[in-house]
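Novice: Note that the protein sequences, when read in sequence, are chains E and C.
The opening residue of the first sequence carries number 0 in numbering that gives the first Met the number 0; numbering runs sequentially from there.
The opening residue of the second sequence carries number 0 in numbering that gives the first Met the number 0; numbering runs sequentially from there.
No false leads were mixed into what you were given.
Partial chain E-side listing against chain C, Cβ under 7 Å, derived:
no.	residue
1	N33
2	G36
3	L96
4	L141
5	T148
6	D174
7	P176
8	V177
Using 20 Å as the maximum straight-line C-alpha spacing, the simulated EDC-like pairs for lysine to aspartate or glutamate come out as follows:
no.	chain 1	residue 1	chain 2	residue 2
9	E	K100	C	E281
10	C	K240	C	D285
11	E	K21	E	E44
12	E	K100	E	D174
13	E	K100	C	D285
14	E	K21	C	D300
15	C	K240	C	E284
16	E	K100	C	E284
Note that these hints are calculated values from the structure, not bench results.
Glycine is no exception: its CB is placed at the ideal position from the N, C-alpha and C atoms.
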Amino acid sequence: MGGEIRRGRFTLVDLTPYFNNKGLSLPQNRTQANLGGMGSSIPAEELPPPGEFVNCGVPFLMPDALWPRDNMALEGQELPLPRGRWDRAHFLGLSDLSSFKGEVAVVYQGGPEELSSLGFSAFNSVAVPLCGEKPGPTARRLRTHLRDTPMELRLWHQTLELDPRRELLALRFEDIPVLHVFALTLEEAGGDGGDRL
Amino acid sequence: MIGVNWDLPTEFNDNLTCVSWTLARLLRFYGIDDPSLVFGTSLGFRLDRATQELLWWPPDWVEPAGRLYGLTFREHDVPDFDRGWERIVERLRQGHPTIVVVDANWLTYSPYFGRGHFGHCITVVGYEPETWEATVVDAGASRYLGPMPLDDLRRAMDLHGLPRGGTPVRYFEIVPPPEPPRLDPVRVRSALQAGLRGLRGEGEPAGVAAGLAGVREYRAALDLLLGRLLRDREGAAPEFKGHHFACFFWGEQRMWYGRFLEQAGRLLGDPAFEGPARVCLELFEDWRLLSAMFIKALAWDAAAMVARMQRRLDGIIGLEEQALCGLERLLGRGAEEKGGEAG
Chain E
0 MGGEIRRGRF TLVDLTPYFN NKGLSLPQNR TQANLGGMGS SIPAEELPPP GEFVNCGVPF
60 LMPDALWPRD NMALEGQELP LPRGRWDRAH FLGLSDLSSF KGEVAVVYQG GPEELSSLGF
120 SAFNSVAVPL CGEKPGPTAR RLRTHLRDTP MELRLWHQTL ELDPRRELLA LRFEDIPVLH
180 VFALTLEEAG GDGGDRL
Chain C
0 MIGVNWDLPT EFNDNLTCVS WTLARLLRFY GIDDPSLVFG TSLGFRLDRA TQELLWWPPD
60 WVEPAGRLYG LTFREHDVPD FDRGWERIVE RLRQGHPTIV VVDANWLTYS PYFGRGHFGH
120 CITVVGYEPE TWEATVVDAG ASRYLGPMPL DDLRRAMDLH GLPRGGTPVR YFEIVPPPEP
180 PRLDPVRVRS ALQAGLRGLR GEGEPAGVAA GLAGVREYRA ALDLLLGRLL RDREGAAPEF
240 KGHHFACFFW GEQRMWYGRF LEQAGRLLGD PAFEGPARVC LELFEDWRLL SAMFIKALAW
300 DAAAMVARMQ RRLDGIIGLE EQALCGLERL LGRGAEEKGG EAG
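Please take these sequences and the hints and turn them into a complete structure.
Specialist: What follows is the structure, given as structure tokens:
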């Protein structure tokens, strides 16, 4: 695992090798995007520009809509992570259908794995987060291959609590292809959750 | 402005179809809450085994569901828009909204505009004769409450473009009960019995018992279908989209079953309903995921998706078996108590 960026107690994980889907688009590459399989995408020009940005105090890496792939649809992958002890993982993601939760196996050094839950609300269901997320960046149009339609869309900021006493190796996701992760940031132990040690 | 006082929020539940959500909103409009029981008796979506087509409108369960609460739906098939519109405006003057069946391809306010012909339903709640604009509520993913030029509505209500069209213009008048009915015990018991029988699948193709047989057939058919996709993606696309909708509705039905069982268990104070309710809700998620996978298989790596869909369907079969066992147990309890039932 390499390419991560450290910002204070946060480490921004480089997910690009794991991207398998294109959900962001610009007007000039709208036909290359296909978030849920029906040709929809989120207009990237309405989101923070590619690179680092901060959401609810947590830095994330916004993928570039010019890349051929910009998010990871969950299909049972195991995602190796920068080794360390972390309080929590922050995800920027969405569900391309309705809100969905799935299992995520948290793999620690020396085992055993711990099962936890990761879920996102639908990207077009902006009013109420149904999976306990924080709001992320929004767009005001849904883009298809043919046109843009006014509709409020949102990426969601989901947090997964980790065990800061154990060294984290990887996360293994369930096969739930409606869930998409665009960015992942790890928060170092000793932050807000340090009192649990 | 001619119209009804539609002050309900345009909230949207992405777990429902347009029909379910429209009906739920209309029940609320007439002061009738608790749609779970109504929908628990929804036995409707029928799968045509010969064609594997889902006959999903007009929905069979709208009428019996409404009857439970004293609502009457009067279906009208008329040869032209003007004749229907005259009646819809007359109903608005009397203070009643009307459900109209539309071709989503022509809904200019919607993201579905121009993206293919499929049946949808919206509710007309007002009309401004000076600007020739209707006010419509779209309880589907468009989440729209607002004006629609009458010419646009006229075009959308022409159903000739639908694969199962045939009827030029179709709408449903709604006649409410004199006053909002209450869920008295006889009514509840009647709903529970009908719902449980429907869930099990007595004479209802969408019930769990019949459903399970169907799912097993479906599993065999899926292998062939997926093989076809790998050989000819373009050719298999229409059939895949059909299965996407079929799974979507099967999933929705399992959700209503689950909600119905939850509600019934609460009303009866009987914890035996909890297990089957949970299984049905789990099935709902699995069917919905499978539904999504049919679409993704067309757009993404089909070969990889094939094995994943087969695994998920195997899991669904196991859960359907569990749901059926649970319902058999509940029905057995019902039979034991039959002597004490009224109505």
